[in-house]
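Undergrad: Chain by chain, the residues:
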Amino acid sequence: MPLPQVLLYAATLFFVGAAAVRGARYARQPAHLRWELYPVAREGARARHGGSRFEEPEHWARPRRVDRVAEIRAMAAEIVLMAGVRRNNRALWLSSWPFHAGVYLVVIWLVLLLLGGLLQAAGAAAPRALLAAIDVAGFAGLGLGIAGAAGLLWRRVADPALRPYNAPADHANLVAWLLYLGWTAVVHVASAGFAPLVAVASAFVTLQPASVAWPVAVEVVLGSLLLAYLPLTRMFHFVAKYFLYHDVRWDDRPNPRGGRLERRLEQAMDFGVAWQAPHVRGAGTWGQAAADGSGKVER
Amino acid sequence: MSEPLRPRDLARPAEQLAAIPDGGLPPLPHPYEDWPDPGVRPLSDESRARLEHSLDGVVGLKIPRPDSAAAREAYVEQFLAGLDRLLDREANWTFLQPLVLSLENCVKCNTCADACPIYESSGRNEVYRPLLRAETLRRLVHRRRGRLARLFDRFAGNDVAATWETVVRLADLSYRCTLCRRCAQSCAMGVDNGLIAREIRKLFSQELGWAPDELHRDGTVKQLVAGSSTGMNPAGFRDTVEFAQEEIAEQLGMSIEIPVDRQGADILVLHNAGEFLSWPENLQAFAILFDRAGLSWTLSSEIAGYDSVNYGLFYDDVQLARVGHAHAAAARKLGVRKVVIGECGHAHKAAMAVGDRTWLGEDNLPRESCFTLIAQLLREGRIELEPGRNPFPVTLHDPCNVVRSMGIVEPQREVIRAACPRFREMTPHGVDNYCCGGGSGFAVMSSLNFPDWRMAVAGRKKFAQILDAFAPEIDDLETPKYVCAPCSNCKGQIRDLLDHYQAWERARLHYGGLAELVVNALKGVPEGFLDWDEIALAK
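Quick mapping for you: the protein sequence lines, in order, are chains A and B. Residue numbering for the first sequence follows our numbering, beginning at 1 and increasing consecutively. Residue numbering for the second sequence follows our numbering, beginning at 300 and increasing consecutively.
A couple of the hints might just be wrong.
Just so you have them, the derived chain A footprint on chain B, three or more residues with Cβ under 8 Å [said to hold, decoys possible]: (1) 326-337; (2) 480-489.
Restraint-style ranges between C-beta atoms, simulated for each label pair [stated by the list, open to error]: (3) A:V80 - B:E376: 36 to 44 Å; (4) B:L576 - A:F238: 24 to 32 Å; (5) A:V157 - B:E777: 41 to 49 Å; (6) A:R264 - B:S577: 34 to 42 Å; (7) A:A61 - B:S577: 28 to 36 Å; (8) A:L81 - B:A770: 53 to 61 Å; (9) A:R25 - B:A370: 47 to 55 Å; (10) B:L379 - A:P254: 31 to 39 Å; (11) B:E546 - A:A61: 30 to 38 Å.
Treat the hints as calculated values from the structure; they're not laboratory data. Note that this is a predicted model, so its numbers are computed, not measured. Where a beta carbon is used, it is the ideal one built from N, C-alpha and C, also for glycine.
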């Protein structure tokens, strides 16, 4: 099997594994204290003014209404349109949205390529509509991604407010995208389409060796390296963002007596207070520390 | 904009890293074009010699300067041990998940800076950029990772050295943020620099024992020992209640009983005891209001049961849990059905939101906001208002802890619209509000030159907002204007702001709570609860 193809399998496995590990690490943290931030989208109509269940008299006695449609709508606006960035930092959005939209389209393009590859592996030719969709998603994604990544890189280099906080990695992340997207665009503009990649996708899904021209092989190598590099960087924030919103910012779950959340919190109250300041040293467990109320005056 | 400052600069040996330059603050609106901004007073030579001030020349924490290199080194070691505990799932279960998520996922876009009133009001002083504080902690944390990760320190920009200068400046820097979380709201990722500032405070408090005296020694500790952070003991509290009853009788000719320790009452009302000393009219207003509405309610004289304050929310999880437990114990002892939190923003958040996961088991009594309750009384016709009795212009300050952190936005507006015909909003308001500048304990931190900084920088944005809200009448000195600040800490800060900027003399600006406005317009209560002649005399 050609080395680029082996690299692609390895990178894919690493990417999926890293996403799972990172997601699991965030998900397995102990229950934490409430720290939501309003508006909370799932509050539905109330979210328009940033309201919560606390606005209702005797809220604990009323059924909790969770507006999943509003929540999904807010998530869609955040994911597709990057509504938060658009609202709070329009100048950044002008680069960030094209970049992210480009990445989404590239992902769609890859999925369509896999679909075409599956069809080819099954002995059917990819329909013309699918090939057209691959072209549209591919070229649009590459174009938007390149424009966005270049814009973001320019901001990092030129904005004096960002400069003191930049690290070589921040530039390298964007350069890595530019390399992959730029090379891929050049290769497929030159070959007037993505037809050779359908064969690569077919070989990929059937675990058969693919024979490709060297520019496409370079493209596969660059894509594989980017795929393996992503989980090591902050660019992997799409995994974290789910938890930042659902487990923190929008986490307004009440804690009724005898509920599952209370059981998790009671377990946490049995953890030891390991801190060493005079007023907490030797306080025992969190539960004991809360109940002792001693509040020593030492400093 | 001042000189670029990098996180690694916090380790730089220097007498002082940054300063508020004279004349470097943004202008205030009319009628303050000619205001001679006094800025921040320099420390005395004695204070400079004795206390750490190398961040910005402002002292809030009062950290004594260690007298030897060995002592400084020992503090650095303690700090590093605390850093490890901050990331430990048992030692810091309370906020580990939000902290880790915020530490690992900032894309350093700096959107937070534009949302921060302190950064903006300081003339965009780099030392107050929210990212500086967060990124310093982030880089210190990353340098605690394994040897393999350390190979990439240079590439990843993990260049902050853990020195005495870094440690002490980071401690001070955590008290240059009011934890208003406006930055977090503007962050599309959901990263919370306010939380990071609080976690830094917590590390210093729980590991090194460094916390502002006003919050710890004279705050939570005093509350748990004496009963209140004001120092008021149960006997003093009972005297205060008697005095309030007498005042009501004298001022309005009404005989109102303020129930204390009434077993089996429906409601325990938890007020911030600061109200009793500084604004007793708030206690009186609630007593009149609840009496007229026919509620079954009581106050408690138990330790901490008559003071809703929980400064642990600002700096220390253990103290937060201890005070919360004391509040719950007072409520349980009286056998009330629910606890109603008075006009105190952080007490709302500590008892109802954060406290929803610390008041466990039998401590887990229903808790409700006074704003919700008053709005309900109004809606159900249990109280009636004559809004014409509040003919003056009124604006509403939104306490961050009540709006942005809890989503209680409309009930207080429902009440104020019904009580005040000339109500107008500030811009922005509700969950987008600006902090008063006294949040996270700043309102009670009053030593050395910290109040100067609090007035000139932290509260500047709010003061400008207040002036803008009253712009149409600002030059009319015949018309008093009322800033409704339904939170004790915010009220204290706004009192100090109005005094500092001589706002009564210049624009007839006054401040107060929400219950006072309601009672001033309450049918069946004699007119004159808000006595403008007396207010003017007191100025």
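Undergrad: Looking back at the hints listed earlier, which ones does the structure fail to meet?
TA: 1, 3, 4, 5, 8, 9
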